[in-house]
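Colleague: Since chain B is already given, all that's left is putting chain L on it; use the hints.
There are 2 protein chains.
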Amino acid sequence: MNLPIGLFDSGIGGLTVLKEIISLLPYESTYYLGDTARVPYGTKSAETVIGYALEDSKFLINKKIKLLVVACNTASAVSIPTLEKRFSIPIIGVIEPGAKKAAKTSKNKRVGVIGTTGTIKSGAYQKSIRAYNPEIKVFTRACPLFVPLVEEGWTNNLIAKLTAAKYLVNLKKEGVDSIVLGCTHYPLLKKTIKNVLCGNISLIDSGEETAAKVAFILKKLNIENRSEKKPERLYYVTDSIERFKTVGEKFLGTNIENVEKVAL
Amino acid sequence: MNLPIGLFDSGIGGLTVLKEIISLLPYESTYYLGDTARVPYGTKSAETVIGYALEDSKFLINKKIKLLVVACNTASAVSIPTLEKRFSIPIIGVIEPGAKKAAKTSKNKRVGVIGTTGTIKSGAYQKSIRAYNPEIKVFTRACPLFVPLVEEGWTNNLIAKLTAAKYLVNLKKEGVDSIVLGCTHYPLLKKTIKNVLCGNISLIDSGEETAAKVAFILKKLNIENRSEKKPERLYYVTDSIERFKTVGEKFLGTNIENVEKVAL
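Residue numbers (the numbering used here), protein chains in the order written: chain B, 14 to 277; chain L, 14 to 277.
Derived from the structure by calculation, the hints contain no laboratory data. Note that this is a predicted model, so its numbers are computed, not measured. Among these hints, one or two may not hold up.
Claimed, not checked - The calculated lysine-lysine pairs, modelled on DSS-like cross-linking and capped at a C-alpha distance of 25 angstroms, are:
hint: 1; chain 1: L; residue 1: 179; chain 2: B; residue 2: 263
hint: 2; chain 1: L; residue 1: 134; chain 2: B; residue 2: 179
hint: 3; chain 1: L; residue 1: 134; chain 2: B; residue 2: 263
Chain B on its own, in the form it takes in the complex:
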């Protein structure tokens, strides 16, 4: 099926999910919406985030997409049931694939989850991991400074290291053997987080797992793209195109063209 995959995020973070999808499914077209006029979602209430997620989804579904990826942990944590009730296309969030991988990866049944305040408070990872394996103990920590550190480009300096050490000290003490990077910005801090943990702890990137699930669902529903046309890459933002391109290219690792500013 030659329709695009739609993804939305509160801003640019979801581009790390898009990157994984492009890498795994290079022939699929993608439409990406970043709600940059209202970013971030991670500090806001569930009610507000659900309202935003509904508007984001509606916008993309009106553009005719075959599958919707909620490429934002906070929105995935609180809005998926509402979106599934409202829309009929397949909807994939980033929480469940990350949770599943964590449940499979952990040997000592002690898993850590880090994310925004909104994601952690929602309890979505905790619930989802225990749904796969009720014996697992989940330890969480909200890390509100990680997003601004990444956006400032300070991913590997002393400030980033001290911040990571402060946020992760308790998870280390609890003896977790896997940590879910429960925010789409965090893969850019992977190296620093690894260094701070300095042990044998697996980091689980929800973006990678989500891309794998998208591939699985496209195949299962038999809606993969089989045309040989060059895939379309469109980007929509609700605030300045310039900033999205400049910062976004760091996240995506390639040039961003075809960005349009839209009102939701």
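Modeller: This is chain L only, laid out in the frame that chain B set:
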């Protein structure tokens, strides 16, 4: 005149301005609107911020206020001319009072300004300071991590100190003798900033200067409150009441009651 003063901010930062106004004008009633569903404004484009500022102002003016304080540096930097064209009550932003004080304070005619990306990029402080004294050289630095540091409550730890040192090193090198705290969150970092500068550099708090200007205008227009009724303190937010109260009380230094969630 027994009508309240209205203030708006992108979120909770403007409470530092409210605090100064309450301290200087304890008999005046105040209505405060924090646009917490769309916070922050400082990373967003001028066009988007002007749209938000118009909605915020309209909401407060409909509540019958006698004077409007734009208690947000980013909104003050980009929206005052638009607001003045649209509404007829007196409107006071935080930029001009801070700029005036800086122009008066600096002896060596070298002034630093720190703020959000939006405020610094707008050039509003630079323009306003030079309007008071064209001989002054203005040096600026956007400090995007200061707001999340304050909201995390990390105002005086090693991470805050290293961040302040990194942001302020060039202003120090330029030999400024005064620095304007061009963001309503920054007064909570005053001590750390002072320590890092470790010289004879004056810190100018736009909130204090704004309160003084409000007092001056009320007197000049003869619209001070002369009733002996207890002043009203009302708060409106666009997102969760709980978070506003918890974090806001740190900013205001007293209890926050009478918060209502509203849609703009």
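Colleague: Please list, smallest to largest, the hint numbers that this structure does not respect.
Modeller: When the structure is compared with the hints, only number 2 turns out to be violated.
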